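Under the working numbering, read the sequence shown as residues 5 to 119, first letter to last.
In short, the hints are calculated from the structure, not lab data. There could be a bad hint or two in this list.
[What the hints assert, rightly or not] Simulated DEER-style distance windows between Cβ atoms:
| id | residue 1 | residue 2 | range |
| --- | --- | --- | --- |
| 1 | K49 | E119 | 27 to 33 Å |
| 2 | E104 | C12 | 17 to 23 Å |
| 3 | E17 | N109 | 34 to 40 Å |
| 4 | S76 | E24 | 15 to 21 Å |
| 5 | I13 | D108 | 53 to 59 Å |
| 6 | L15 | M51 | 19 to 25 Å |
[As the list claims (entries may be wrong)] Once the Cα atoms are required to be at most 25 Å apart in a straight line, the calculated DSS-like pairs of lysine-lysine come out as:
| id | residue 1 | residue 2 |
| --- | --- | --- |
| 7 | K105 | K55 |
| 8 | K105 | K116 |
| 9 | K105 | K115 |
| 10 | K105 | K117 |
| 11 | K29 | K18 |
| 12 | K115 | K49 |
Treat the numbers as computed from the prediction; the structure is a model and nothing was measured. Positions of the beta carbon are idealized from the N, C-alpha and C atoms, including for glycine.
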Amino acid sequence: MNRILELCIYLFEKCIHFFEQSAEKLGIPFLIGGFIGALVNRMRKRMTWKKFFASVFTAMFVGWVVGISLSSLFDFQTPFVYAICSMAGAFSEDLLDEVEKLIDNLSEIIKKKIE
């Protein structure tokens, strides 16, 4: 009986280890950081549940992009990257608005250069 219990514990530990590695590779902690940012944004602003759920997906996406970018480009410590992901999630709508303005300005500059 002890042998079966030891085998079950061993398999459980291997499964947990596999999921931890997979989560790191896929950037799941960055998504969670973005989600936390969306919760902070919900506490700061009054919004309907529909708007909140839309902002959750936006915040998770922005948090994931920021986390993957920071992890790939810089050698920051992991807790710092998670904190930045949460902040990016909290300000995701503002960040996306600024990126949209930047793209609009760049497209105008490119159009002028082409003409």
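To see whether the hints hold, each was checked on the structure:
no., hint, in the structure
1, K49 to E119: 27 to 33 Å, "violated, 42 Å"
2, E104 to C12: 17 to 23 Å, "violated, 52 Å"
3, E17 to N109: 34 to 40 Å, "violated, 53 Å"
4, S76 to E24: 15 to 21 Å, "holds, 20 Å"
5, I13 to D108: 53 to 59 Å, "holds, 57 Å"
6, L15 to M51: 19 to 25 Å, "violated, 44 Å"
7, K105 to K55, "holds, 22 Å"
8, K105 to K116, "holds, 17 Å"
9, K105 to K115, "holds, 15 Å"
10, K105 to K117, "holds, 18 Å"
11, K29 to K18, "holds, 17 Å"
12, K115 to K49, "violated, 38 Å"
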